[in-house]
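Chains as they are written, first to last, in my numbering: chain A, 461 to 806; chain B, 34 to 327; chain C, 1425 to 2028; chain D, 683 to 1273.
It should be emphasised that the hints constitute simulated quantities derived from the structure, not laboratory data. All C-beta atoms in this analysis are idealised placements derived from N, C-alpha and C, irrespective of residue type, glycine included. Hints may contain errors.
Unchecked claim - Calculated pairs, EDC-like style, for lysine to aspartate or glutamate (alpha carbon to alpha carbon, straight line, at most 20 Å):
#	chain 1	residue 1	chain 2	residue 2
1	A	637	C	1999
2	D	732	D	686
3	B	176	D	940
4	C	1640	C	1816
5	D	848	B	83
6	D	732	D	768
Claimed, not checked - Here are the simulated distance ranges between beta carbons:
#	chain 1	residue 1	chain 2	residue 2	range
7	D	1266	A	525	41 to 47 Å
8	A	596	C	1983	54 to 60 Å
9	D	1235	C	1983	20 to 26 Å
10	B	154	D	1235	42 to 48 Å
11	D	1248	A	504	32 to 38 Å
12	A	546	B	235	52 to 58 Å
13	B	193	D	1238	30 to 36 Å
14	A	649	C	1743	58 to 64 Å
15	A	596	D	1248	32 to 38 Å
16	C	1662	A	504	35 to 41 Å
The lines below spell out each chain.
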Amino acid sequence: MNAARHHVIIGTGVAGNQAARTLRQREPAARISLLTLSALPFYNRYDLPRVFRGVHDWREFLVDPPSYYEEQRIGLRRCTRVVNVDAKRKVVMLEHNEELPYDTLLVASGGRAYLPEELSEYQPLLDGFGSFEQAMAMRRKLPDEGTVAILGGDMIGLDLARTLIDTGHSVVLVAGKQTFWPHVETPEQRQELLRVLERMGIEVIEADEVGGIASIRAGARGFATRRVVFGNGRECTADVVLPSFGLVPSVEFMLGSGVGIERGLLVSPSLRTTDESIFAAGDVCQIWSGEEKRYRFYYGWKNVRAMGDLAARNLTGDDETFEPAQDETLHIEGGVTIHSPFWEYA
Amino acid sequence: MKTQPIYLEDKLREVNESGRLTYRSRSMPTWCPGCGYFSIVDGLPGALNDAGIAPKDTVVVSGIGCSSRFPFFVNTYGFHTLHGRVLPVATGIKTANDALTVIAIGGDGDGFAIGGGHVPHAARRNVDITYLLFDNGIYGLTKGQTSPTSAVGFRTSTSPYENLDQPLNPLMMVLTYGATWVGQAYAGRPQQLEALIKQAIAHRGFSYLHILSPCVTFDKTDKTYQRLGDHVVDVPKEHDTGNLVAAIALAANTNTPALGVLYRTVRPTLADALDAISEKAGYKGAGVRRRAAA
Amino acid sequence: MSVVVVPQDKGDEEAPSSAQVMHSEDPRDVGWVIQNIPCQSACPAGTNVPAYIRAIAEGRHGEAYEINRSANVLPGVLGRICSRPCESVCRHGWSGNGEPVGICNLKRSAADLKSAGHRITERLYAPTGKRIAIVGAGPAGVAAAHDLSVLGHDVTLFEREQHFGGMLRYGIPEFRLPRDIIDFELHNALRLGVELRRGQAVGKGPDQVRVANLLKDHDAVLLAAGCMAPLPLPLKVRGDAPESADGCPDVEHGLPFLMGLHRGERKTVRRRVAVVGAGFTALDCARVATRLGAQEVTIHIRTAEEYIPVTKEEIFEAKREGVRIKGLRTPVGIILDSEGRLSGVEFVQNRLGGWRKDGRRQAIPIEGSEFVEPCETLLIAIGQKTVNDFLDIRVELDQWQNVRIGEDGMTSARGLFACGDFVTGPTTVVEAIGRGRLAAQKIDTWLMGKPRRKRVVQIVPVQEPLRERAFDFISRQHMPTAPLHDRLGKNQLEVELGMDTEQTTQEARRCYLCNLHYQIDVDRCIYCRACIEVAPRNCIKLVQGVEVRPDGTYGSLREAREWNQVGAIWIDNNECIRCGACFRACPVNCISISCNEFVEVDTP
Amino acid sequence: MRTDVQISICGSAGEGTIAAGDILRNALAAAGYRIISFDAYPAEIRGFGKCVARLRATTEQVYSLKEKSDVLVCLNDEHGIPHVDDVRDFGAVIYEAKSITRLAEGGHVSAHVHPGQIPYPLALRELSERATGALRSRNLVALGYLAGLYSLAPEPFLRIIEKKFKSKGAVAEANRKAFEAGRLAGTQTFKLDMVSFGSPSAGQQSVMLSGNAAVVDGCLDAGIDNFFGYPITPATTIMERLATEMPKRGKRLVQTEDEISAIAATIGAGYTGARAATATSGPGLALMSEMLGLGVMAEVPSVVFVSQRGGPSTGIPTKTEQSDLNMALFGSPGDAPRIVIAPTNVEGCYRCAGKAFEMAERYQTPVVVLLDLYLSNRYETVVMPAKPPFEPNCDKPLAKQELGIGYRRFALTPDGVSPRALPGTAAGMHVVTGLEHNEFGRVNEQPENHEAMSRKRHDKLLAALQHPDFTHYKRFGDEGRVEIGLLAWGSTFGECLAAMFRARTEGMRCAAMKVVMLQPFPAVAVAEFIDQCDVVLVPELNFQGQFAHLVQAQTGRIVHRYNRVCGGPMVVDEILAEMLRRVGTRRQKAA
């Protein structure tokens, strides 16, 4: 009967996909359902800056061809939103009003871009870079040599910035608390790092808070369409404004399930939530760290993939604990290039 | 009027205990939502149930058309025959076995167009069957063409300008054909409909019940719930159901269709006559068909 | 007591004659109302929400205000600071239906938009000559005083503070609840000759009135002294100048902090403020602190943001004002510097446990996971408890050391009643008001020897659907708020500005009017399913069975898949959103609508 | 860029599936694309019947649908799910985003979309209600979405919607709103599929016609005078359209009480020299068979359009089949030779309809035009000839001197056709009868007379094999000797043609021949074709191989049958597979 188990995985990011892969290897007969909000199969989000290098066919970003899921008998459910999880009945409720029963559930819903509450009223004027669709949308909005204002920063945003500079666009970075998220840097390091960014050709503005964002009537070609005003009176203009303040875990749909949640899903070092048959992996979970005596997030695709793999193994009988797969130190080489583990993917 | 609360569980108990549901088949009727036929397919079981006629002793025969889907939705014997040929087949069934309650079902087109030639003969022979005619004045199954009872001026796909032909008056026809029980009902009045079906079945001889029933899909102007609801009246108290002329007069008034029993008389049925013959011919038995029935 | 609001006095619409109105006590009708009007059932004061929202939608704001008053005497107040138990159960918020109706905001709108010359309508009872003393002029006391005075009793209200209102006035900051609103509605509540004794404490001390004497001079005494003592938080003190936490000027309890502020004392905070606690009080402290000029304000909670009993709106506004919330931590100590000033708070890391009986989440400290958060001011708002040491007569207490009351609302001492937070421990304002009214009812019953009023279901036919399907697509109206930069340093500036008439009407239209009861007359139904065809939800069903619960409410319908099981076609009122589509579609008019709601009538 | 996009819309009959397909194909045709389209709908008008509207828009006209659609629109889950498999990789699946009933696992379309297909959830119900306040217009929302997603110009759609619903006033407005709402949603959707429309084809303006509509145009252009009919699927639409068009031309149509009456009246009208016709399906033809015999015996022109459907008896009234061939050819008492022709595509419907009147008149006999549901109901874009290619009068001239006493209505002539005097002709008075008669029309049961007359009635038809300006049969594909030949009739030929071309691309030498004239039968030409093929395959939509029988009987050659009664059209891939199998085994034998 174990063979016929139904493993449901919420999220097709690095973690979810790795988990599916591992599960299939370990339980050839099991049913595996992979749920995602995306309309596309798993693709490499780290690669998205390439849309600015002329790659516009989503198939170029796929990690596995569509046939992979059929061969592996992995039920890939796209455009599917989970609205609730009934842990007692072991059922996932989908937004379109379908009930999906599971034997084991792995939550790998990752995180979405965090927008500070004080900026929430400007939402309509802001762009995103979290998906292929958003990336293409930004690509279409941005004229050649156009300007992107990145609010906050964070390593994902900075990575995009590198590409944009490279492709002849200009970047204004409005530095703030999360500039090097998820790295934690000392004030000294910070100054050093910002200087490197400037050397890369990024205009860095240190502003305490954004006082307002306005849309300027788009004039002749090349005219900026957004004006950002800061608390300290300074201001800048840009074609696209990209808030980039790190990620917040997507957990709303888990509130009804009764499992422990703080910012993310609280899991043991073996990635088990407070519910026996529900695990979590990736950016969505806060893992208890024995030595640090606190729940903490581990970012970076290597960690996330390791979590996916570990969760799958523990779901199928093992009981191992999570070991970070990559160091998170940020260092500068020759005073010119920044090295972040979050930029090293293959 | 006061809005009296209705309590579902009470209603359900009532319906279940009545036993009428046992006369329904399992398959859901597939007519368009709003179709008057739903009312009839609920009425016949009710009537049979009240009359205490067992499903096994009932045969529902139909021709072709929306109405003729009927046998599939009742839990009795059923014969879905050919277009217009319901009465001959029904006659055969009844002639071969008196013990059966035979209900013939048909629409206006099936009964008075292609099958029109059969009606007089079933009537004059006084075959002991009940003919429920669903009159919606249209060919529904073939998506809305004029039928023999479509009103003059009525527009359909085959009379896109207007229908020229005078509508038949089936009631007057069957009255003159010599039907021994003639009544009229309206799908929008389920209780009365059910009562009339019951009487028609109880009648010994050819009983004809004309049922006005709206087609919500193809008739937005003529036989609508709105118009029928406003115009139907009850057969006047003082009407003498033994008076053929009075009955014909009632039937002639199509502006305010009279609901109820129009005519009722007693005459030997086809079976009676045939048995009389075989007795004349010197047959001594108690009636071969009755034995066949046992 | 409460104004009996029936759709009789509906301006334009022709009023149904009393012949059409029927009253029912059938448990199934009672059950229907309880089950089908979730907002009213969830309201501790039993506010007839659909009735007042319908009044608003039809532009009768004054009437809407009265319908509110009939259930809770302070609509304008609750319209601002209610904890909104109703909205969390609103049918419009059910999965697939969108967002709940802004019931609370509408309550406020009714108060804001009623005509200037609005006159209060109340059905008064003849004087009974009975004298009643009430201790404490908080929400519970005031509600009780109002109801009892309406019932013809002679009420005296004792309040320790200089002004009435209790928690309303001293616990809640002005930017959430302007004082003139409190004054106005308290006046209306107590205008029926209630004798007011301000600054008159009840207790054993000198120039304090003794409860024993109150009992002597009155037919009944009601204790509604609330829950005014902060829960103590044991904290280890570490640092260069060890002394007790109480001595430290930078550590203060939230409630006294707010009360002091509202008594007019000058309050200050230093650069970084830590607030511990998870209730409205904690949030208020934090938001006051930002207004007093703190640079960095953080609320530290034992569980997590998702589990704290505060409305999302409050949390959102607090965050916009820069307040941060950190979870899974319990304060265990404070660190003082050489001057004995606060330099940090020591916390222990928690993990989440199961759920407590009260529906709150448990937090379990983890051995040896202590850590320090630097800060210069600590405000402790982890809850309140009752004080009953002022009682000079012995009464039974429960396990939480609160006064125990019986079914009849009376304490172990004859004639001495108690209600509100004083009995239940800390709850919400609307809860307190509900309790106060209940107490009033019980006192009245006890004094008069029998209940004078009873609750019945009134059923009034409604000619046609009162809604359009389009209303269901109106999105929830957002409460306009004061610009962020205006708020700093201004404790008086009200943050929520109130909705204008247009917004109000739009929001009111969103209400499904759950008190409308759609039913199919099974005997006249022809099973044609025209209604199912137009149904916007899975709300009309072919049924073969239904589960009826002991309390008269309907459980799940057993749907029929086969024709010979179809006992009836039925409108599932639980799914029904009162859009009226079926009513309009039925070809034989076998669908009827009635307005079913609770009313109170005199007992014979 | 060339266009070849196939779109399927499926839902329950009540959801306006067919109407949506109709608007879509007309809009696309108006936009200048070539269309072939075939809908399947259930007998129940509404209720739970499943139906599918399918259309293929191309740059040049084609006569068959593709295996897999590029786009699928599901108006409801239950009926949509089975069709998801018929969508190609990187194609689009559009479906209702939310269900109002609680679904069990797998109850929603999204659960069945292949990883290679692109899912497009669409809030059909909500958009329809928001736009119109009712659920009715879901189908229009879906159309708008297609237009938005694939950037199709809205004008043709709006024009068609206006036209289709103008009689219904408010409905048109509601539908326009629904369409616009859907279109907005479409333009706001990020298009991820690999489906796109090229610029439409230039060239002559084509019109969109169904097989039955083409028949009607043929009748009208050939100058039909009278029509008598009784409703029966799938022939009804012929009467419906004629009922609109004939009065405009002062011509007369009567809906009779049954088919017997319909054919009787038709023959009656034919007797007076009018061009008269009736239309029916198998069951109706059965009722008519005796009357047809009378038509043959009395040598009265009449045209009978028979649109075949699944049989026997009431059978499968809403599915296609080619199983009435035998009845059309032989179904009458006695030796009753009549002309039977069967078009293979919509344009053919037009030509055959017109030509049928010519033949009936010239050879004084009933002419049966065999269609089938697939051909009657399918739509194609057709380039209409500038002027009608039909002879207005084909009556054999009647010389004055032949009249008067001794006028021989049934004179034995070399070609067997006797000049007829129409009622009203002075000195032409005579009697026609169903009884055997002599040249004068008087009853005569003498053996030699009966033989002579039987031969006359038979031989006069042979001339039809040379009937001018008419395609009796046609060969396609490779010339000369071929490995395999396809021999087909009626609607099936479109798929055969597609299969044949596919086979050639796969390196097979092959040809396909269509036979339009079924009686009299072009035996010589067909035999010749058969002799040039290593193997001959006869695909047809009946179980008995009725056409294969005919071919073998008429040519004495052996052919291989390929019979399907699947209720739908032939499947190109299956024909191809069968060809490969036949050729394969042959090649093996050879090797």
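Verification of the supplied hints:
no., hint, verdict
1, A:637 / C:1999, "48 Å, violated"
2, D:732 / D:686, "26 Å, violated"
3, B:176 / D:940, "17 Å, holds"
4, C:1640 / C:1816, "13 Å, holds"
5, D:848 / B:83, "50 Å, violated"
6, D:732 / D:768, "16 Å, holds"
7, D:1266 / A:525: 41 to 47 Å, "32 Å, violated"
8, A:596 / C:1983: 54 to 60 Å, "46 Å, violated"
9, D:1235 / C:1983: 20 to 26 Å, "59 Å, violated"
10, B:154 / D:1235: 42 to 48 Å, "43 Å, holds"
11, D:1248 / A:504: 32 to 38 Å, "45 Å, violated"
12, A:546 / B:235: 52 to 58 Å, "56 Å, holds"
13, B:193 / D:1238: 30 to 36 Å, "51 Å, violated"
14, A:649 / C:1743: 58 to 64 Å, "28 Å, violated"
15, A:596 / D:1248: 32 to 38 Å, "44 Å, violated"
16, C:1662 / A:504: 35 to 41 Å, "50 Å, violated"
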